[in-house]
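Take the given structure of chain H and dock chains C, A and B to it, following the hints.
Protein chains: 4
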Amino acid sequence: MATRQRIGLIGAGRIGRGHARTLAGRVPDAELVCIADVSADAARAAAESVGGVPWSTDPLALIADPTIDAVVIAASTATHAPLIAAAAEAGKAIFCEKPVALDLETTDAALAAVERAGAPFQIGFQRRYDPAYARAKDLIASGALGRIEHIRDTMRDPAPPSRAYLEISGGLFRDMTIHNFDCVRWLMGADPVEVFALGAALTDPVFAELGDIDTSIVTIRFANDALAVIDNSRRSGFGYDVRTEIFGSAGALLIGQQAETPMLRLDAGGVRSDHVRFFLERFAVAYEEELRAFVRALIEGRSPEPGPADARAALQLAYAAEAARAANAPVDPRRWG
Amino acid sequence: MATRQRIGLIGAGRIGRGHARTLAGRVPDAELVCIADVSADAARAAAESVGGVPWSTDPLALIADPTIDAVVIAASTATHAPLIAAAAEAGKAIFCEKPVALDLETTDAALAAVERAGAPFQIGFQRRYDPAYARAKDLIASGALGRIEHIRDTMRDPAPPSRAYLEISGGLFRDMTIHNFDCVRWLMGADPVEVFALGAALTDPVFAELGDIDTSIVTIRFANDALAVIDNSRRSGFGYDVRTEIFGSAGALLIGQQAETPMLRLDAGGVRSDHVRFFLERFAVAYEEELRAFVRALIEGRSPEPGPADARAALQLAYAAEAARAANAPVDPRRWG
Amino acid sequence: MATRQRIGLIGAGRIGRGHARTLAGRVPDAELVCIADVSADAARAAAESVGGVPWSTDPLALIADPTIDAVVIAASTATHAPLIAAAAEAGKAIFCEKPVALDLETTDAALAAVERAGAPFQIGFQRRYDPAYARAKDLIASGALGRIEHIRDTMRDPAPPSRAYLEISGGLFRDMTIHNFDCVRWLMGADPVEVFALGAALTDPVFAELGDIDTSIVTIRFANDALAVIDNSRRSGFGYDVRTEIFGSAGALLIGQQAETPMLRLDAGGVRSDHVRFFLERFAVAYEEELRAFVRALIEGRSPEPGPADARAALQLAYAAEAARAANAPVDPRRWG
Amino acid sequence: MATRQRIGLIGAGRIGRGHARTLAGRVPDAELVCIADVSADAARAAAESVGGVPWSTDPLALIADPTIDAVVIAASTATHAPLIAAAAEAGKAIFCEKPVALDLETTDAALAAVERAGAPFQIGFQRRYDPAYARAKDLIASGALGRIEHIRDTMRDPAPPSRAYLEISGGLFRDMTIHNFDCVRWLMGADPVEVFALGAALTDPVFAELGDIDTSIVTIRFANDALAVIDNSRRSGFGYDVRTEIFGSAGALLIGQQAETPMLRLDAGGVRSDHVRFFLERFAVAYEEELRAFVRALIEGRSPEPGPADARAALQLAYAAEAARAANAPVDPRRWG
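Chains as they are written, first to last, in my numbering: chain H, 28 to 364; chain C, 28 to 364; chain A, 28 to 364; chain B, 28 to 364.
Watch out, some of these pointers could steer you wrong.
Any copy, or any two copies together, can satisfy a pair, since identical chains are not distinguished.
To be verified - Below, in silico cross-link-like pairs of lysine to aspartate or glutamate (EDC-like), each with a Cα-Cα straight-line distance of 20 Å or less:
id : residue 1 : residue 2
1  : K125      : E332
2  : K125      : E236
3  : K164      : D301
4  : K164      : E287
5  : K125      : E316
6  : K125      : D359
7  : K164      : D294
8  : K125      : D184
9  : K164      : E75
10 : K164      : D135
Honestly, the hints are just simulated from the structure, not real lab data.
Only chain H is shown next, with the shape it has when bound in the complex (with noise of 0.2 Å):
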């Protein structure tokens, strides 16, 4: 069994610094070692913030480097399936920023690469470990709900992004639902068979422009005949908004909206309080928490999850959703299976 584990970081935007800083000194037995960005001023920048680690503008000279044990690849996502594939060769255990890239054909191969060298794999679906995300799964599981029949899940971005981004994101089911896909699909533990969708461009002229869409509802049903609903949204107005129910026959979970500080201000104008901002702060503790789950899973020897097939199996149920909308029809998520 491995001990300690030296990892390689490549991508130093914004996910990348956060994920740094929690490797630099927030997971017990790993080791930053390099940081690799294209651009040099990000990649200095980003090894500067964490106390002075060695840093390149090379990504696949960190990935040749016989004394890295693991990458965690957080750069662009066109870049993630050829250094999955480039480190999966190298003999790496790899973490990756979702999504493995923005189709299936491309998806398959990388993680062909993966599991031809029996490389260790993560995707970075981070709400699986979120403190309240993670007690329901446990709750689930535990059986004290009894059975599942119906998840509500809904997610809203405070503002949509640029356009610049929106021209390479996918679409809203491949960049956005891609989350909630995963997340139901979890908590239920079990497959869809069936997938139907709606959408509508409202928030932003972008969206018609782009032929993509700001607001969605999609619904699904599971091979237990078990029911959810996905909603989305490009813009709140207010805020980052993540909340899921969850429904058993034996009681129901309610994760919520959260607070940035436990306050209210009362005034003649009724009781006020603030709301999270955004998913870097909702989603703090989970960022750190998957990278520890993933270099503990390492020393253990165990497959770290979610794995390849998570990582397909959302993809796939955006495939549907995009097909169920063309088609203004349900259609079966496992015609791409």
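Coordinates of chains C, A and B only, in the frame set by chain H:
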């Protein structure tokens, strides 16, 4: 303009007795002058509980009483349509518990009688008179939320009704979801143009035996391209659950769960509170307010709301949901217009 | 055992009109037979608002009516003691709004008349009949909280009353804190042995002009060494604020603030909700429940609660608080026992 | 202006290890250069947990190290004063966990050394850096709440500490209430002029045996006639309870309890949520923020806050509370000024 309304109440069951208490002392300018129920025991008990108003076992005699201005119909569903027709022909104003009837043909016939007579008519979708829902509607109408883009409406009963009730209920969509159909249509202020529905029988074998469902999701697209989703369950296991979320371009409203008492209990097991148990508690104020609004409208010579078109529109959406579920495809509810 | 109680109501002001509505339709086995107020307009209006019961301008005639079983006294404070004495001598059961009188001498004389006559007597500390407080008392009595060690009780009015009211109010401790004195004594189930009090006049110059205070803290030590603290303000600025926290060796209860409606509004300014505005809204149910309990006790031949000793004990604590504030030292309230 | 602060940490216990993690990766422009603890095991473990910084068993050698700019003292309370004096004489900036010492004489001697040396000094009242408390202070300072009239501050530990801890704790007021003394004084922005205190030993016989108390109420009058009340318990039984309510002429703030996770569980037993367990969880952010603020102040050449006067003032109020309790009378805390 009329001043004081003399009201006859037909039906002395659970809802009827509540209306009796309201009419006897809590509606300005209303006088409860008679209670009729085909059961003498029920009629007498209800009459005595409000200080001894006259009672009879003959609803049609009550309707024929020329000193009565308005009738409140809370008898069993099957009697609604003939009583409405008789009351309309007798020149009475009519308040009727939902639904007019379980099918569109009977509904249309009864509402035609109302129209011919020019009778003021209000249907008992009490939720419109709940203080939270009424305030939500006002805020929407004021423009404070901007353009309404998405509504999430959910309702769960604590436990399934009896088999006897289910056998004559008309099924989940006509019996239960009909409240939600009225609610989202009213809040959105627009007409649905597409309905899709999923259902399952999960909570009790009786639902499958009756060809009914106990768990459902209905998605709706409105003429203005806004979306709504409704989900229902016949059995929450924890109490009465009615919540509605309204997302607009300038803000959102979350009408939430309600505790019975504003009390938290804290001990080694965590934090606990109670939960409102049933719709009669949750909508106690609404059941009074709707009758006050009915009488106020009569006195002021306005048409009461919700009216005949609202009663029909909700049933029409139930038809659409049933058809969508049968076809496993979205349908246009205007087909039943 | 009596079956039906014929009740006369004295006083048709704000509280009296509320009691009229309750007695007219919401108390089983009670019949409101007359309303007396020295103002004919007030008496008539109240009588008409509940369907036209008889009314008079002569409270003593009402008390003398041999067909009346019980009187509910909601006239101005100065009349409470003489009306109690007259009703006791006339053999009536008595429900009286708090306080019996603003001084112990008058209070004692009136309660002596009650005792001599053996008249059932209930004082209007309505909080005991609020569902949350009643449940708290039940939980304490059941032992579920273990030994009660500490109570924090707070109450704020939305805005100061008029100068005219303040001039005859008896001061903060006798007028407002008296509710809290009863509440903590009742919840603790033990007698105070030491009282200390701080006061300040901060919200309006009228308080200093009248030698009164508008902001206070009273600390209490009980015979069992448990502690309590009460704080009050005549002006919250945001609505009616009444909250009570009870800490026991095995758990705690937090009776908290109450929204008017279970609705959150979310926008760029954060999260907002409303707040219950005044004690009439907060304690609407309690004001009905206390009359139902009064009538139930009469019918079942039990002493109604809170009774004469409770009425006196709360005033005694107000005396102690005043003395403690004057002396700036703790005092033993049993001095006034 | 200094740029990067080289920091030595003294003390590798529970709080010290937390500071190590913060200083190692989460304070911009801070470098943790050495950890000293008289226990080699503790020092080594702490050093390794943050990636292997140098460590020693000699705090005075750390203080003597000329390359170190600032020391963070988290060793046992008895060592605070001598370490402060030594660090001041060595020209270091000083961050010290509360308290400086358990008595005013030792405190004054240590702070005199700080003053003679002109050393920047911050005391670890972390609550000032909690986001909710910091926002409250900002709102007060902005005038948004008007004149502050009343503060209610409450704090309960989940369970009493060990007898060994209690024996050297200095008693409830100096060990626990001292946080509240700082908090209310800071929020009020005024000096207390009168203190009264009640205490009781209710939770465990150990308190009576040690002549200590476990339950207390302290009332405070400020120079501006505003009032405050603090209550504490050594044992809540349900988790860590810290809440503060601030009432101003134009509004109020309620800093409330915090759940560990934003999740409700609903079943037949009602609604349940979890509760934050201990101060380390509740103030996790504050413990980081106070060190960031300390370093920022050093770099910007400002005096860090809370400073020497704040450290002394809170202890002075503890003295006053003890004297008030002993005399069972209010006392003027300026007597110890």
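Consistency of the hints with the structure:
Taking the closest pair of Cα atoms, K125 and E332 come within 20 Å of each other only inside a single copy of the chain (13 Å); across copies the shortest separation is 43 Å, beyond that limit. In this assembly of identical chains, the alpha carbons of K125 and E236 never lie at most 20 Å apart, being 26 Å within a copy and 45 Å across copies at closest. When the C-alpha separation of K164 and D301 is checked against a cutoff of 20 Å, the pair qualifies only between copies, where the shortest distance is 16 Å, while the shortest distance within a copy is 28 Å. Only between protomers do K164 and E287 lie at most 20 Å apart by alpha-carbon distance; the minimum there is 16 Å, versus 24 Å within a single protomer.
Taking identical chains as interchangeable, the C-alpha atoms of K125 and E316 lie at most 20 Å apart only when both belong to the same chain, with a minimum of 16 Å there against 31 Å between chains. Taking identical chains as interchangeable, the C-alpha atoms of K125 and D359 are never at most 20 Å apart, the minima being 23 Å within one chain and 38 Å between chains. Proximity of K164 to D294 under the C-alpha cut-off of 20 Å is restricted to the inter-copy arrangement: shortest distance 17 Å between copies versus 40 Å within a copy. In this assembly of identical chains, K125 and D184 lie within 20 Å of each other by CA distance solely inside one copy; the values are 17 Å within and 39 Å between copies.
In this assembly of identical chains, K164 and E75 lie within 20 Å of each other by CA distance neither inside one copy nor across copies; the values are 38 Å within and 33 Å between. Proximity of K164 to D135 under the C-alpha cut-off of 20 Å is found in neither arrangement, the shortest distances being 28 Å within a copy and 49 Å between copies.
Consistency note: the structure conflicts with the earlier hints numbered 2, 6, 9, 10.
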